[in-house]
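K.L.:
Residue numbers (my numbering), protein chains in the order written: chain A, 1 to 333; chain B, 1 to 324; chain C, 1 to 501.
Hints are supplied without guarantee of correctness; some may be wrong.
What the hints assert, rightly or not - Here are the simulated DMTMM-like cross-link-like pairs (lysine to aspartate or glutamate), alpha carbons at most 25 Å apart as the crow flies:
#1 Lys80/C to Asp3/C
#2 Lys49/C to Glu232/C
#3 Lys195/A to Glu121/C
#4 Lys437/C to Glu336/C
#5 Lys339/C to Asp272/C
#6 Lys270/A to Asp9/C
#7 Lys190/C to Asp167/C
#8 Lys391/C to Asp85/B
#9 Lys207/C to Glu191/C
#10 Lys186/B to Glu369/C
#11 Lys49/C to Asp135/C
#12 Lys318/B to Asp58/C
#13 Lys271/B to Glu369/C
#14 Lys66/C to Asp9/C
#15 Lys270/A to Glu232/C
#16 Lys128/A to Glu76/C
#17 Lys339/C to Asp311/B
#18 Lys195/A to Glu481/C
#19 Lys162/C to Asp183/C
#20 Lys318/B to Asp132/A
#21 Lys49/C to Asp210/A
#22 Lys162/C to Asp142/C
#23 Lys195/A to Asp135/C
#24 Lys195/A to Glu369/C
#25 Lys207/C to Glu253/C
#26 Lys315/B to Glu44/A
#27 Lys162/C to Asp210/C
#28 Lys391/C to Asp377/C
#29 Lys315/B to Asp337/C
#30 Lys207/C to Glu231/C
#31 Lys207/C to Glu232/C
#32 Lys339/C to Asp132/A
Keep in mind the hints are simulated off the structure, nothing from the lab. Fair warning: this is a prediction, and the values are worked out from it, not measured in the lab.
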Amino acid sequence: MKAGTLSKALKSGAIWGFIVLELIFFSIAGEYLSLSDKAFMDWENMLLLLKQSAPIGIIAMGMTIVMINGNIDLSVGATYAIAAIVLLESMTWPIFAGLGDMVIPVAWLLALLVGTFLGALNGLIVWKTGVDAFIVTLGSMLGFRGIVFMFNGENPTSHLNWTLVDFAEAEFLGLATASWFLLAVTLVIWFVMTKTVHGRNAYAIGDNRDAAVNAGIRVGPHIMINFAIIGFLAALSAVVFYSESGSVNPNDGQLYELWVITAVVLGGTKITGGAGSVIGTFGGVIAIQLLRKGLGHIGADTSTVNLVIGLILIVVLILDRQLNVKGKEELKV
Amino acid sequence: MATLTKQQIGTVLAKQGILIAFAVFMVAFTLANPKFISIDNLFSVVRSSAILGVMALGVTFVVISGNLDLSVGSMMSFSTIVVLDLHDKIGPALAIPAMFAMTLCLGAFIGFLVGYLRLNSLIVTLGMLSAIHGLTLTYSGGQNMDIADKEGTWFSVFGQGSALGIPVPILIFVALAAFLGIMLAKTPFGRKVYAVGGNGTAATFSGIRRARTVFACYIISAFCVATAGLIQASRSLGSQNTVGQGLELEVLAAVILGGASLLGGSGAIFKTVIGVLILGFIQNGLLLIGLQFYVQFVVTWVIIILAVWLDIAAKRGKLWSPIA
Amino acid sequence: MTDPVLHLDDIVKTFPGVRALDGVSFSVMPGEVHALMGENGAGKSTLMKVLGGIYQPDGGSIHVGKERVTMAGPLEAKAKGIVFIHQELSLAEELSVAENIYLGELPRKSFGRVDWHRLAEQTNLILQKLNVGFDATTRVGDLSIANQQMVEIARALTVDAKAVIFDEPTASLTDAEKVVLFDVISDLQKEGVGIIYISHRMEEIFKITDRISILRDGQYQGTVNTAETHEEAVTQMMIGRKLDLSRNETHHELGDVALEVRGLSCGKLYEDISFEVRRGEVVGFYGLVGAGRTEIAETLFGLRDPSAGQILLDGEEVRITSPNDAIARGISLVPEDRKGQGLVLGMNCRDNMTLPQVQDLTSGPFVAEGAEVAIFDQYRDRLDIRTPGWKQLVGNLSGGNQQKIVIGKWLSMHPNVLIVDEPTRGIDVGSKSEIHKLLRELAAQGYAVMVISSEMPEVLHVADRIVAMYSGRIMRTFTSEEVTEDSLIQAISGLGGHEAA
Numbered sequence: 001m002k003a004g005t006l007s008k009a010l011k012s013g014a015i016w017g018f019i020v021l022e023l024i025f026f027s028i029a030g031e032y033l034s035l036s037d038k039a040f041m042d043w044e045n046m047l048l049l050l051k052q053s054a055p056i057g058i059i060a061m062g063m064t065i066v067m068i069n070g071n072i073d074l075s076v077g078a079t080y081a082i083a084a085i086v087l088l089e090s091m092t093w094p095i096f097a098g099l100g101d102m103v104i105p106v107a108w109l110l111a112l113l114v115g116t117f118l119g120a121l122n123g124l125i126v127w128k129t130g131v132d133a134f135i136v137t138l139g140s141m142l143g144f145r146g147i148v149f150m151f152n153g154e155n156p157t158s159h160l161n162w163t164l165v166d167f168a169e170a171e172f173l174g175l176a177t178a179s180w181f182l183l184a185v186t187l188v189i190w191f192v193m194t195k196t197v198h199g200r201n202a203y204a205i206g207d208n209r210d211a212a213v214n215a216g217i218r219v220g221p222h223i224m225i226n227f228a229i230i231g232f233l234a235a236l237s238a239v240v241f242y243s244e245s246g247s248v249n250p251n252d253g254q255l256y257e258l259w260v261i262t263a264v265v266l267g268g269t270k271i272t273g274g275a276g277s278v279i280g281t282f283g284g285v286i287a288i289q290l291l292r293k294g295l296g297h298i299g300a301d302t303s304t305v306n307l308v309i310g311l312i313l314i315v316v317l318i319l320d321r322q323l324n325v326k327g328k329e330e331l332k333v
Numbered sequence: 001m002a003t004l005t006k007q008q009i010g011t012v013l014a015k016q017g018i019l020i021a022f023a024v025f026m027v028a029f030t031l032a033n034p035k036f037i038s039i040d041n042l043f044s045v046v047r048s049s050a051i052l053g054v055m056a057l058g059v060t061f062v063v064i065s066g067n068l069d070l071s072v073g074s075m076m077s078f079s080t081i082v083v084l085d086l087h088d089k090i091g092p093a094l095a096i097p098a099m100f101a102m103t104l105c106l107g108a109f110i111g112f113l114v115g116y117l118r119l120n121s122l123i124v125t126l127g128m129l130s131a132i133h134g135l136t137l138t139y140s141g142g143q144n145m146d147i148a149d150k151e152g153t154w155f156s157v158f159g160q161g162s163a164l165g166i167p168v169p170i171l172i173f174v175a176l177a178a179f180l181g182i183m184l185a186k187t188p189f190g191r192k193v194y195a196v197g198g199n200g201t202a203a204t205f206s207g208i209r210r211a212r213t214v215f216a217c218y219i220i221s222a223f224c225v226a227t228a229g230l231i232q233a234s235r236s237l238g239s240q241n242t243v244g245q246g247l248e249l250e251v252l253a254a255v256i257l258g259g260a261s262l263l264g265g266s267g268a269i270f271k272t273v274i275g276v277l278i279l280g281f282i283q284n285g286l287l288l289i290g291l292q293f294y295v296q297f298v299v300t301w302v303i304i305i306l307a308v309w310l311d312i313a314a315k316r317g318k319l320w321s322p323i324a
Numbered sequence: 001m002t003d004p005v006l007h008l009d010d011i012v013k014t015f016p017g018v019r020a021l022d023g024v025s026f027s028v029m030p031g032e033v034h035a036l037m038g039e040n041g042a043g044k045s046t047l048m049k050v051l052g053g054i055y056q057p058d059g060g061s062i063h064v065g066k067e068r069v070t071m072a073g074p075l076e077a078k079a080k081g082i083v084f085i086h087q088e089l090s091l092a093e094e095l096s097v098a099e100n101i102y103l104g105e106l107p108r109k110s111f112g113r114v115d116w117h118r119l120a121e122q123t124n125l126i127l128q129k130l131n132v133g134f135d136a137t138t139r140v141g142d143l144s145i146a147n148q149q150m151v152e153i154a155r156a157l158t159v160d161a162k163a164v165i166f167d168e169p170t171a172s173l174t175d176a177e178k179v180v181l182f183d184v185i186s187d188l189q190k191e192g193v194g195i196i197y198i199s200h201r202m203e204e205i206f207k208i209t210d211r212i213s214i215l216r217d218g219q220y221q222g223t224v225n226t227a228e229t230h231e232e233a234v235t236q237m238m239i240g241r242k243l244d245l246s247r248n249e250t251h252h253e254l255g256d257v258a259l260e261v262r263g264l265s266c267g268k269l270y271e272d273i274s275f276e277v278r279r280g281e282v283v284g285f286y287g288l289v290g291a292g293r294t295e296i297a298e299t300l301f302g303l304r305d306p307s308a309g310q311i312l313l314d315g316e317e318v319r320i321t322s323p324n325d326a327i328a329r330g331i332s333l334v335p336e337d338r339k340g341q342g343l344v345l346g347m348n349c350r351d352n353m354t355l356p357q358v359q360d361l362t363s364g365p366f367v368a369e370g371a372e373v374a375i376f377d378q379y380r381d382r383l384d385i386r387t388p389g390w391k392q393l394v395g396n397l398s399g400g401n402q403q404k405i406v407i408g409k410w411l412s413m414h415p416n417v418l419i420v421d422e423p424t425r426g427i428d429v430g431s432k433s434e435i436h437k438l439l440r441e442l443a444a445q446g447y448a449v450m451v452i453s454s455e456m457p458e459v460l461h462v463a464d465r466i467v468a469m470y471s472g473r474i475m476r477t478f479t480s481e482e483v484t485e486d487s488l489i490q491a492i493s494g495l496g497g498h499e500a501a
């Protein structure tokens, strides 16, 4: 074993260690503090956890690509809300009235297309104007949210389609539909990032953009494709979630970007790009959901969850900084 | 020379594009609704922009020093809730300094993380956005906060009072803008802020204590946030605990519109004030010509991207990015 | 006669206000190593960017073989058989060696998958040829700088290259690694590949190249056969006059010891360094890049913590903890990287110059702008800085004027010890000699001056004594009377006999 392998293994395994720690903590603390008699590490409970992780998790996979690529997307929450509204609205449109239940795939497709388009639009602006992705998506975060409100003001948009609800609530081999989607997306994105040329190029661009340009990789279209992917996944996440709930508030998806970025950073993706892993992000997503559920289990409310998540994000940054200190003789700049 | 080349026109457009666009906006709105340009309306725009504006002043320091602050929105909720709560418990005279002290502690914490520990400010303040939000909810127990005796408190003067016919929020905004503007433009500290943001390494090589400078910027930002929270609390005398949610984006939008680069080293207080006013007038104008409130978000989106794009384009001398 | 593999004809490239390339023509024959030489700013890198399709020429033509081509980008250049080995490493550290070598053209299977098997096979074949001690799956970030350079070189071997351009390939290589590189070059040569070799190192040029083409100020100066020329003639073509290797012969009256260093070490960066600098004296530090000279300067300026040893200022032991501290103790450092460390490019000239003392230049709470302008004017006149006015942004000045701003900034602090690191890197000949003259004058006025330089003429020219460093250690100290070029080169290559400093 070469030197440094151990510390690297520690680093990549840290998120799983953290998950184990959470499980132990909440199981033990739950014995004393929990309001319910149910054990925390209950199988049912864990399956539910996986299902509840899906909305954030699906988007986080897209964010992993975008961040490895050296960019960031703050507009995912708003894209998520737009896709949800398109999904529910379009099912009531008169032109689709004759379709019966066939309206479902049409609505799905429409929602996914809109999400992909919005993502690609962000990507196109980043590519063509050269404005930093942070600013571009900060702007579209506002803009997309404005579009959401223009649909129906402050009122929720609702439409329940029972066939759809049945599908969304169905379980296959013990796993809910949403869980399957999360696992499938994780698998596909993992495949893209580790096995395909596109994925490897994403790492190269995030790591050293000039080198990638010099090697003739077409960085602009590449970036745009990744933004389209995250747009698609934000829409997919909405489609999966709102098929079941059937009602969307114009404020839905707010702060999702925060949760998603937290999950990705917890999972070990470098903020400046070039390094990170889909499996790590999956761990990050699970860790966050565990924390939310666990804190709920021991009787803490949502406010504590926000507080804890924010502080954990900062602690991870501090640890990361400390692990990367090169030694005393380093230049003090 | 009488004739300008196409390139020169392009440069002028790119450099002054945002002001030209703003002028066109103003004229168009005035034509659509003459009330737009009335004194009353102008006053109301400035007054409604004051809270946003005060926060933007502090964020300007942070951005010029090369960092970001996304936590100002939730920090503002925090200070509003705290001062309202303490108002009834210890009285306004003590509540105000106590609230300022607590908010400054939050600012110091962020400043320590970003300045001394050199953590990425985007992620730190994103985390603090969530953490402070949680803190506020915990503090308020999830309840809205209201002052018991809304009629009999002098506390309302900061948000509702006026002096010499000018509303106090405007006075506070103008005074703070003048003070911080001079501090940034004329004092050694201001010079250091520009140097640290422009090239942190070179600043260190010139003997400037980078960490201390960044720390001070976050303190200033927290001070501005506390002031904004004070105005907000005093204006409404009661508040939801999410009152500042999303404001961090509008604040950043105003600072960017004012032409500060997110890379640091450029920007100015008076430019930020212009950015704040542009946002305010556009929101107001859109409402006056009868558009939905939410259209302003979309318009702001377009304006932010256009503003930054033109700025970059002017610097690189090309409209489109050279990336293949 | 065979046809050239690559022929450039009358290439012109202009930027606003500058004619960067003015009618440059030369040809590379198959199996030839063709050196391209010129001073910094002579247009070499612009020419290479034109060749690589990063810039489009404003005139002239490029021919690969018999075909006239226009290069749309680096990938197209590579497809046409023109391969670049960049001086600045352009590697993605997190990726494997194989992925870096085939960056931009990873072998594909169905569904856009990477063909890892083929990739590893091809890569290992190339690595064998290069005889390096790592394999295709190693992460590039884990390699030493020299091995990273080898990865860069391996890139040239992935395609059926017609011409390979090496841009300063030996800058960070050890002697053993150089031998491998030269073997690679001679292999390529045997296969009929044409090689363009860009380097400043004369001994390498004369060892491996067949012909030399020279650029000066964007203009083509001619091509000579290496066998029929000598260093002096080439230098003369490069700088337009004879290289001045004259030594400093005058000495000023020496004062007290201003700075003394005893047994200073900083981890592995440098070890057991001892020397002293007197007032009125210029001490030159000469050595290769990475010999530890800059790190010593940074330690003296409070930017690194030494792991052992003492620093004495005016005979008193001090601990310097920060640049702020160093400045207060009268030490000034003109850093190596002008744009990265020396200047805030987006600030105006005056503000840059007064930056270290802005805290003290106040009237009331405000910066005393009048005093600032006075300081700027004083040093503008003294150093002959050419700028339209103090409001000019430093980023818009030429390299020489920028460097003078940095020097002025530190002179205005009236230091006891002035350290200058690579004071004339990348600036024109005229400014160079002005700065040399200035350094001598400063010593005459009683400053203690440390000059770190990688250019032999420079240290010979300005220094009263020369400290030769190799690999973190002082090898020998020469006085300007006893130094010879050969002994100096031997000392900095680690060959010279040890002599206590």
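K.L.:
Does each hint hold? Answer for all of them.
P.N.:
Hint by hint, here is what the structure shows:
The hinted pair formed by Lys80/C and Asp3/C meets the criterion: a straight-line CA distance of about 16 Å does not exceed 25 Å. Our distance criterion of 25 Å between C-alpha atoms is broken by Lys49/C and Glu232/C, whose separation comes to about 29 Å. For the given pair, Lys195/A sits about 17 Å from Glu121/C by alpha-carbon distance, which is consistent with the 25 Å threshold. A distance of roughly 19 Å separates the Cα atoms of Lys437/C and Glu336/C; the hinted pair therefore holds under the 25 Å criterion.
Distance check on the hinted pair: Lys339/C and Asp272/C sit about 31 Å apart at the alpha-carbon level, beyond 25 Å; violated. Proximity of Lys270/A to Asp9/C is assessed by CA-CA distance (about 47 Å); at most 25 Å being required, the pair is judged violated. For a cut-off of 25 Å, the pair hint linking Lys190/C to Asp167/C stands: about 20 Å separates their Cα positions. Distance hint between Lys391/C and Asp85/B is unfulfilled; the C-alpha atoms sit about 51 Å from each other, more than 25 Å.
Using a Cα cut-off of 25 Å, the hinted pair Lys207/C and Glu191/C holds, with the two alpha carbons roughly 20 Å apart. For the given pair, Lys186/B sits about 9 Å from Glu369/C by alpha-carbon distance, which is consistent with the 25 Å threshold. In summary, the hint linking Lys49/C to Asp135/C is not supported, as the alpha carbons are separated by about 31 Å, beyond the 25 Å threshold. Taking the CA atoms of Lys318/B and Asp58/C, the gap is near 18 Å; set against the 25 Å cutoff, the hint holds.
Between Lys271/B and Glu369/C, the direct Cα distance comes to roughly 22 Å. Compliance with the 25 Å bound is thereby established for this hinted pair. The suggested pairing of Lys66/C with Asp9/C holds, with an alpha-carbon distance near 13 Å, which does not exceed 25 Å. For the hint linking Lys270/A to Glu232/C, the alpha-carbon distance of about 51 Å lies beyond 25 Å, and the restraint is violated. For the proposed pair Lys128/A and Glu76/C, the alpha carbon gap of about 22 Å is at most 25 Å, so the pair holds.
For the suggested pair Lys339/C and Asp311/B, the alpha carbons sit about 22 Å apart, so the restraint of at most 25 Å is met. Restraint check for Lys195/A and Glu481/C: not satisfied, since their Cα atoms lie roughly 65 Å apart, outside the 25 Å limit. For the hint linking Lys162/C to Asp183/C, the alpha-carbon distance of about 18 Å falls within 25 Å, and the restraint holds. Only pairs whose Cα atoms come within 25 Å are accepted, and Lys318/B paired with Asp132/A is accepted, the gap being roughly 16 Å.
Taking the CA atoms of Lys49/C and Asp210/A, the gap is about 14 Å. The hint holds against a cut of 25 Å. Taking the CA atoms of Lys162/C and Asp142/C, the gap is near 32 Å; set against the 25 Å cutoff, the hint is violated. The suggested pairing of Lys195/A with Asp135/C holds, with an alpha-carbon distance near 20 Å, which does not exceed 25 Å. At roughly 61 Å between alpha-carbon atoms, Lys195/A and Glu369/C are farther apart than 25 Å, so this suggested pair is violated.
Our distance criterion of 25 Å between C-alpha atoms is broken by Lys207/C and Glu253/C, whose separation comes to about 44 Å. At most 25 Å may separate the alpha-carbon atoms for a hinted pair to count; Lys315/B and Glu44/A exceed this at roughly 58 Å. Note on Lys162/C and Asp210/C: the hinted pairing holds, with a Cα-Cα distance of about 17 Å set against a maximum of 25 Å. With a CA separation close to 12 Å, the supplied pair Lys391/C and Asp377/C stays within the 25 Å bound.
Taken as a hint, the Lys315/B and Asp337/C pair is honoured in the structure, with Cα atoms around 23 Å apart against an allowance of 25 Å. Distance hint between Lys207/C and Glu231/C is fulfilled; the C-alpha atoms sit about 12 Å from each other, no more than 25 Å. As the CA atoms of Lys207/C and Glu232/C are separated by approximately 15 Å, the hinted pair is consistent with the 25 Å bound. Between Lys339/C and Asp132/A the CA atoms are separated by roughly 23 Å; this keeps the pair inside 25 Å, and the hint holds.
Checked against the numbered hints above, the structure breaks hints 2, 5, 6, 8, 11, 15, 18, 22, 24, 25, 26 and satisfies the rest.
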